[in-house]
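Order-wise, the sequence lines are chains X and V. Residue numbers for the first sequence follow this note's numbering, beginning at 1 and rising by one. Residue numbers for the second sequence follow this note's numbering, beginning at 367 and rising by one.
If you are wondering where the hints come from, they were derived from the structure by calculation, not from laboratory data. For each residue, glycine too, the CB sits at the ideal point set by N, CA and C. Careful: at least some of the hints might be erroneous.
Unchecked claim - Quick partial rundown of chain V residues pointing at chain X, CB under 8 Å, derived from the structure:
1) G463
2) L464
3) M468
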Amino acid sequence: MKLHEFLPVVSQAVGRVGPNDWVVLSTRVRLARNLRSNLFPDRAKKNDRIRVCGIIRREVEALPQMAGGFAESMESLSAFEKQTLVERHLISREHAMRGAGSALVLSKDTSLSVMINEEDHLRMQSLKPGMQLQEAWVAIDEVDTALSKTLDFAFSDEFGYLTACPTNVGTGIRVSAMLHLPGLVLSEQINRVIQAANELGLAVRGLYGEGTEALGNLFQVSNQRTLGQKEEEIIERVGKVVNNIIENEKNARGLLLQNNPKMVYNHIGRAYGILANAHSISSKETMNLLSLFRLGFDLGFFPGVQRSFIDELFMVTQPAHLQARFAGKLSAEERDIRRADMLREAFRNVERPSMPSDPASSLDKT
Amino acid sequence: MICKQREARVHLTQIDQGKIKKVDLCEQCAKEKGVDDPTGYALADLLLNLGAPTESTRSTSTVTSCKSCGLTATDFKKSGRLGCPDCYAAFKEILSGLLESMHRGTRHIGKRPGAGRPPVVASDQLTLLQQQLAEAIAVENYEEAARIRDRIKSLKSADGRVLSA
Ligand SMILES: [Zn+2]
Ligand SMILES: [Zn+2]
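In isolation and in its complexed conformation, chain X is listed as follows:
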């Protein structure tokens, strides 16, 4: 089966809902594992990588969780397919650059993704919509436990699971949440929040770009430390910080509407105007405007719209997804025109924003 026949259509992929998904687009728990007595992928020769990949792939494919899933060697996937997987957050950019001796296994619903021979022999992730760190951990913990019965993981009593990069050693866990934070960016509080999270040992990065320049006001919060703490403690810590950021975002939106509603209305109104009427628009501008549109939706200004409609636009305006709609390679200029065409078409039935007379009332909807 080809990847594109396997992947759920975008509307279905983004239509999944989860707790607090007005801020938390998705949560993810990833584990790094390696096989004992085998060189790490970047040190191993191609033949060894292929051998290790074969051993692991067989065991991963045999998992009951992977029934009806998708497995493919990275060399058999086209650059375009790999980019699509990156845009869907199913593989890392690093894995997309790999070829022979690396592979990917996806569960049927794509919530589980196992990268074989990325930086480590195994990088397995569970991706859930909304705030579901605990659920994501349980799912990937089960996969890891099952695999540890057939694969001999490199483990030391002192250092725990041994990884190619010492930043991942110990639990090998990376717990992360993808957050939409337009309120904190518009109120210029985002740097304070990032700093506070940093002080707690968490990294906050723009999903595309950084700081106030983060495209689409999308941020990823994740743990940096993996050794000397239990998995549950790390998850709890990330969860606490994320819940705290959710509260901060809520308050920021409330204050903005209270103190400066015209500024908020202006941003959202203009975003609507451009998205619905542009004839050429870059991916960067699109993301920033869609973020404001999403904020407008959260505030109840677009009653006829579904959140999945917005999240679908976030995805289908990305380069590989855009290309998929228009067979053949597009130049950057052509892409900007096609993107605008697609947005105008999508916005044909989206009514102009209706700003309430009492701005504060719209907050209850979130």
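For this one, chain X is given, so just place chain V with the ligands on it according to the hints.
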């Protein structure tokens, strides 16, 4: 910017021990250093890369390379990546200071692989069994030797498949 040739597009910020560290990289440098994937990256690697050795890495270690994979201490300091699981024992001295600054402790207290004896990768198990076979024959324990021979046979027929011990 590292190469100072192209426009910096990847900007990284991290608070490390109360100090803000900022690194700007062009796309190419970022890719070379493997930092374009925000999930798999930590600034510590990069700082190692930039030739800013920490106290612990400066202290000269007697171990210069890993016997299992040939990685040298210099290779490690350059790339921030280890070559194989045995590197952790080989570079323990260099690592201990590094791990202390990166993590919350230097000892693992989390999950462990399945209880009891860990399963063994087929190829390693084969070596182990062949060793046991030689030993059994040496002490003329033919019953045991026959049992081991059977296990070797079944292991070989499994064509490199991973078995639980
Ligand atoms: Zn550069
Ligand atoms: Zn080594």
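Evaluated hints:
A cut of 8 Å between beta carbons decides the hint on G463 (chain V): the least distance to chain X is about 11 Å, and the hint is violated. The interface hint given for L464 (chain V) is met, as the beta carbon of that residue sits about 6 Å from the closest beta carbon of chain X, less than 8 Å. This hint holds: M468 (chain V) has a C-beta 6 Å from the nearest C-beta of chain X, less than the 8 Å allowed.
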